[in-house]
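J.: Please build the complete structure, drawing on both the sequences and the hints.
The numbering used here puts the first residue of the sequence shown at 1, with every later residue one more than the last.
Hints in this document: simulated from the structure, not taken from any laboratory.
Owing to the predicted nature of the structure, the values given are computational and were not obtained by experimental measurement.
One or more of the hints may lead you astray.
[To be verified] Pairs of lysine-lysine residues, derived as DSS-like cross-links and limited to a Cα-Cα distance of at most 25 Å, are as follows:
| # | residue 1 | residue 2 |
| --- | --- | --- |
| 1 | K2 | K32 |
| 2 | K63 | K109 |
| 3 | K28 | K86 |
| 4 | K2 | K63 |
| 5 | K139 | K86 |
| 6 | K158 | K99 |
| 7 | K13 | K273 |
| 8 | K99 | K139 |
| 9 | K28 | K63 |
| 10 | K99 | K32 |
[As the list claims (entries may be wrong)] The following label-pair restraints were derived from C-beta to C-beta distances:
| # | residue 1 | residue 2 | range |
| --- | --- | --- | --- |
| 11 | A31 | M272 | 36 to 46 Å |
| 12 | N116 | A31 | 14 to 24 Å |
| 13 | H226 | T58 | 29 to 39 Å |
| 14 | I146 | D11 | 33 to 43 Å |
| 15 | E10 | K63 | 27 to 37 Å |
| 16 | E110 | A66 | 14 to 24 Å |
| 17 | D11 | E55 | 37 to 47 Å |
| 18 | A56 | E152 | 42 to 52 Å |
| 19 | E260 | L142 | 20 to 30 Å |
All residues carry an ideal CB built from backbone N, CA and C; glycine is no exception.
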Amino acid sequence: MKVLYAHHPEDVKHYTTEKLREEFLMEKIFAKDSIELSYSHVDRIIYGGAMPVEEALTLDIGKELAASYFLERRELGVINVGGDGKINLDGEVYEINNKEGIYIGRGTKEVLFESNDSSKPAKFYLNSCPAHKRYPTVKVNLENAIARPLGEDAAMNKRTIYQFIHPDVLESCQLSMGMTVLEDGSGWNTMPCHTHERRMEVYFYFEMEGDTRVFHLMGQPQETRHILMSNEQAVLSPSWSIHSGIGSRNYTFIWGMCGENQDFDDMDHVAMKDLR
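T.: Pasting the structure below:
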């Protein structure tokens, strides 16, 4: 588990491209028969991926958590972006197929990931944050998620936001999670952009062609930077940073947020004229 410490925006102004990528980009999310995780001191979020191929994978603790088991004081959100699979939670099995997700409440002791077909392995993308109480485990798919169509062709940002872990769908302590699907011909997400000082965010980009790239924009509105991203990579966004992007083709991304505020529309919008 890679540990990332908090970053002051005044320090980030001086980062090189290499340093930005080292501190904010998770380049490898999925590896065969492995769980790859990053632990950020920004709101203590843990994010990464589990890719079971030949064997089932158990979500184990590391010394970073100082806990008896991973979800002793945490909650977890999972969305499968690969082949069909299943998650075993303390002996109860949930089928989690492509673009299906699940919220797993605090206190679940065993979390076991499996693929139904090793030739088409599941790819479970994970977000976890601290939890103050236990809420019920709930499976979510595109049919029972909240769908919010946004954008227009002329602005190259026609997309649908699917809210999976959201107060109007299910209860969680602080984790919010969902998926945004851009339509053909669209490349922009979240522009005009915003910040939200009351919660942080992680973007995970996927369903990208081999030569497709996303220019992910970050930084304070008056001091922006970019990170060039490939398929199945994730980028950390502190609360003080904008988080937007433009792709060379359309793509899909999963957003995950944690912090003290779960109001999805509570954003500090930034006018285009104020970006630098």
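J.: Given the hinted pair K28 and K86, is their alpha-carbon gap at most 25 Å?
T.: Holds, at about 22 Å.
J.: Keeping to a limit of 25 Å between CA atoms, is the pair of K2 and K63 held or broken?
T.: holds (12 Å)
J.: Is the distance from the Cβ of N116 to the Cβ of A31 consistent with 14 to 24 Å?
T.: Holds: the Cβ-Cβ distance is about 19 Å, inside 14 to 24 Å.
J.: Starting from the hint 20 to 30 Å, judge whether the C-beta atoms of E260 and L142 obey it.
T.: With Cβ atoms ~29 Å apart, the hint holds.
J.: Lying within 29 to 39 Å: is that true of the beta-carbon distance H226 to T58?
T.: Holds, since H226 and T58 (Cβ atoms, about 37 Å apart) stay within the stated range.
J.: When you check the alpha-carbon spacing of K139 and K86, does it fall within 25 Å?
T.: holds (11 Å)
J.: Given a hint of 36 to 46 Å, does the C-beta separation of A31 and M272 actually sit inside it?
T.: Since the Cβ atoms of A31 and M272 sit about 39 Å apart, the hinted range of 36 to 46 Å holds.
J.: Check the following: the C-beta atoms of I146 and D11 are separated by a distance inside 33 to 43 Å.
T.: holds (37 Å)
J.: Take a look at whether the Cβ-Cβ distance between A56 and E152 falls inside 42 to 52 Å.
T.: holds (45 Å)
J.: Are K2 and K32 close enough, with their CA atoms no more than 25 Å apart?
T.: holds (18 Å)
J.: Next pair to validate is K63 with K109; report whether the Cα-Cα distance is within 25 Å.
T.: Holds, because 16 Å separates the two Cα atoms, which is no more than 25 Å.
J.: Does the Cβ distance between D11 and E55 fall inside 37 to 47 Å?
T.: With a Cβ separation near 42 Å, D11 and E55 satisfy 37 to 47 Å, so the hint holds.
Consistency with the previously given hints is maintained throughout, with no hint failing.
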